[in-house]
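Chemist: Protein sequences, first through last, are from chains A and Y.
For the first sequence, the positions run 7 to 462 when my numbering is used.
For the second sequence, the positions run 7 to 462 when my numbering is used.
Treat the hints as calculated values from the structure; they're not laboratory data.
The beta-carbon is built from N, C-alpha and C at its ideal position, and this holds for glycine as well.
Treat the hints with care, as some may be off.
To be verified - Derived CB-CB ranges, DEER-like: (1) A:427 with Y:116: 46 to 52 Å; (2) Y:363 with A:307: 50 to 56 Å; (3) A:307 with Y:197: 20 to 26 Å; (4) A:351 with Y:300: 29 to 35 Å.
Said to hold, decoys possible - Which chain Y residues stay away from chain A? Per the calculated CB distances, all over 12 Å, these: (5) 46; (6) 141; (7) 169; (8) 227; (9) 237; (10) 239; (11) 249; (12) 264; (13) 413; (14) 414.
There are 2 protein chains.
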Amino acid sequence: MNAPLYPIEQLQLELPELDWITDPNRIERLSQDFSWFSPVLKRQLEGKVADTVVRPRTEDEIRRLVAACARLKVPVTIRGSGTGNYGQTTPLAGGVVLDMTGYGTMLWVRPGAARAQAGIRLHQFEKAALRSGQELRCMPSTYRSATLGGLFGGGFGGVGSINFGPLGAPGNVLGLKAMTIEPEPQVVELRGAEAMRMHHLWGTNGLVLELEIALAPAQPWLETLATFTDFDAALAFADALARAPGLAKREVAFFASPVPDHLTQLAQYLPAGCHAVLSLVAEAGEEALQAMVAAHGGTVTYRRTAEEVAKSNRTLMEYTWNHTTLHALRVDKNLTYLQTSFTPGEHVRQITELTQRYAGEVLMHAEFLRSMDGLLTCSALQLVRFSSEERLDQIIQEHRDYGVRINNPHVHIVEDGKAGGDLAPDILAMKARFDPLGLLNPGKLRHWPVAPRPAP
Amino acid sequence: MNAPLYPIEQLQLELPELDWITDPNRIERLSQDFSWFSPVLKRQLEGKVADTVVRPRTEDEIRRLVAACARLKVPVTIRGSGTGNYGQTTPLAGGVVLDMTGYGTMLWVRPGAARAQAGIRLHQFEKAALRSGQELRCMPSTYRSATLGGLFGGGFGGVGSINFGPLGAPGNVLGLKAMTIEPEPQVVELRGAEAMRMHHLWGTNGLVLELEIALAPAQPWLETLATFTDFDAALAFADALARAPGLAKREVAFFASPVPDHLTQLAQYLPAGCHAVLSLVAEAGEEALQAMVAAHGGTVTYRRTAEEVAKSNRTLMEYTWNHTTLHALRVDKNLTYLQTSFTPGEHVRQITELTQRYAGEVLMHAEFLRSMDGLLTCSALQLVRFSSEERLDQIIQEHRDYGVRINNPHVHIVEDGKAGGDLAPDILAMKARFDPLGLLNPGKLRHWPVAPRPAP
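Generate the whole structure from the sequences, applying the supplied hints.
Modeler: Quick look at the structure:
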């Protein structure tokens with residue numbers, strides 16, 4: 007009689023036809039995301055690694071894997087392409103990382119909506135949508151590699167949120183198909199608000215197979231950088247542009263000095279010490295945009311038409327949202343970041359006051375967007391010169407005391423992040439329904455008992 | 007030697023090739039607009055009529071006519087199709103009515119913008135735009151007959167203003183070509199802010215030949231009526247729908263009881279005594295819309311897809327904005343109306359309080375839109391049970407005292423209407439430049455000297 011097998015070995019033995027990744031270096035890499043943006047998470051997640059990674063290609067392969075994991079009580083961590091920031095794809099209790107990037111077929115595109123398998127890269131998704139004159143409503147700056155499922159599971163919004171608000175606003179995500187983690191997996195279609203109970207839970211309360219999302223009509227976007235010598239003028243311009251109802255736009259980002267100095271690939275367009283506003287405005291609005299820049303004393307230093315952008319394959323979108331952070335961290339390893347939501351209508355004052363208060367330590371980068379309630383506001387992804395975890399905590403606490411919301415990107419537990427506190431009963435009901443055995447990345451939900459790990 | 011000719015006779019003698027309208031009944035009709043909505047204007051404008059109407063077909067015909075009028079000092083009143091409400095196309099000093107509806111060629115449609123001659127009907131304009139997947143940003147309910155020049159000269163916005171604000175918001179109107187009223191007429195292209203100095207001046211400070219406006223990408227719009235038994239629930243739903251950033255929409259109108267009872271052509275969908283919300287929402291948002299209606303205790307009583315609307319040639323857009331007023335006046339001749347701008351963010355409270363205060367006398371019909379500054383708010387076109395001009399003035403004054411803005415539709419002088427007080431110097435400079443002889447509908451601008459009428 008043979009010695010009892012480790013569950014992982016048994017899994018691989020039972021399902022030899024699956025695409026298993028066994029190289030330890032690849033397993034280690036596929037157990038990580040961009041949590042290294044945070045020195046805190048980097049420390050906390052050190053050494054957390056999957057036992058194996060599998061890359062299914064069909065729903066049937068996913069079903070067989072899930073059934074076996076459920077039977078063998080092997081933890082499952084779902085992963086897109088790992089562009090998230092909270093260690094959400096890092097397994098805390100080992101087991102299998104389910105790499106969804108092989109499961110990415112576009113299913114259909116209709117006027118106003120499209121549906122695809124969760125592992126599709128957003129770049130591919132948008133390419134398919136563009137064929138019918140449509141584009142993504144919310145697009146993370148990481149869209150080249152990020153997956154649709156990853157955006158839903160760990161994303162917030164991004165480019166386009168200035169029109170459509172966060173991805174979580176009703177009407178952006180129309181429905182999804184999910185699988186339960188059970189020995190006999192069930193496949194269920196969820197619509198609207200019910201589907202959203204799996205949103206931004208980092209893949210802890212359901213395995214999303216397909217997503218159906220609303221699209222925006224595509225428009226030819228003019229990409230520009232406008233620079234200013236005066237902070238107030240730059241911010242006033244950004245706010246006026248973001249508000250202007252007659253100027254169709256997809257993106258407005260504000261970089262206070264010295265943030266632009268960190269965007270070295272754009273250095274020729276960003277004079278040292280400048281404040282800058284990056285925007286995507288419908289091409290037909292260029293004259294109005296230029297007039298608005300001039301009225302605020304700014305200079306347009308960079309200007310690319312939609313055609314030029316398409317030809318060059320270089321877009322300013324890849325300098326916004328978390329890409330600003332990425333570019334800055336590449337030139338200064340001592341930086342980390344914050345995520346801050348301002349109060350609609352108070353955002354200009356709050357940004358001004360907080361920029362002044364932390365001059366030299368917290369560098370302002372704000373993104374304009376609509377709130378869930380449709381109000382214009384900003385989210386900031388400030389760069390922070392890191393000195394210690396204590397100082398970082400102090401800065402966060404001071405921001406909260408000041409009256410702005412911090413979505414702490416230095417935590418790896420769902421309840422400590424954007425969810426902010428206890429999970430709502432409907433979220434927990436979803437967890438009970440879709441992951442009754444508690445196998446989805448155990449440890450990520452504080453208030454969910456971690457099943458005892460099976461003996462090897 | 008012949009007796010000296012009347013200037014009008016001389017004009018017609020000089021330009022026999024023009025399309026002159028001489029039938030007195032037609033001249034009378036073409037001297038009017040929808041100012042009969044107002045019993046005050048009806049009285050004030052009684053008997054104001056052109057001496058003749060001309061319907062030019064080319065820029066050259068317009069130039070010859072204008073040159074001759076300038077030489078002969080004949081007043082010129084520019085007219086689209088007369089769907090305005092301020093008597094703006096009613097000549098106060100006789101002369102020629104310049105009917106622009108024969109001058110309506112579509113010039114070009116490009117991604118995001120289009121240009122046409124001013125006399126084009128908006129319906130035709132939108133049809134041309136739709137061929138490239140685009141639509142009007144701001145569409146009055148009168149779009150079937152209304153002209154582009156009329157919308158610019160006397161319109162405010164309408165369907166679509168919930169996204170793009172009023173027509174006057176920078177970026178909506180891109181440029182125009184205008185002709186000076188001189189013996190040697192000049193033709194000038196004006197762009198952006200400079201072009202807007204002729205906006206909503208009722209054709210008193212320039213003769214607009216062509217307009218270039220921004221377009222929106224077309225979307226398939228679902229047309230619905232949702233009815234409610236509770237006022238607060240209906241208004242809360244309308245506001246939530248209007249705000250919701252993830253629900254793409256073109257129109258949200260709120261009809262408090264008993265306004266829906268006046269829309270007799272929709273009677274089968276509007277239970278007696280109901281409050282109703284009319285909306286155009288992108289079809290992909292239907293599930294989210296239905297969920298929102300249900301959450302507010304409403305019932306969707308009417309639902310037409312974009313395809314059904316196109317086939318039936320019947321659209322709910324023709325029950326919004328001033329069409330609501332029109333339908334109501336058809337069933338109750340004692341009604342007139344108000345135009346009210348609420349304070350963004352306070353609009354729900356203001357609508358609620360004012361509806362209660364004037365129950366039975368001022369019937370609430372509010373349209374959701376974005377302000378010039380991009381804030382969500384409402385404009386109301388309340389129905390008023392007319393008793394006397396004094397009472398109407400009193401209601402208007404009470405509204406102003408309450409703190410909302412009345413754009414008085416019972417006046418026929420530019421300065422007394424939306425312009426509200428003295429005209430800005432740049433507007434007057436435009437007048438001096440484009441109408442140095444003061445021939446454009448003399449009397450409409452209080453602060454502009456009326457040239458003495460030439461002796462016959």
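Chemist: Are any of the numbered hints broken by this structure? If so, which, sorted upward?
Modeler: 6, 7, 8 and 11
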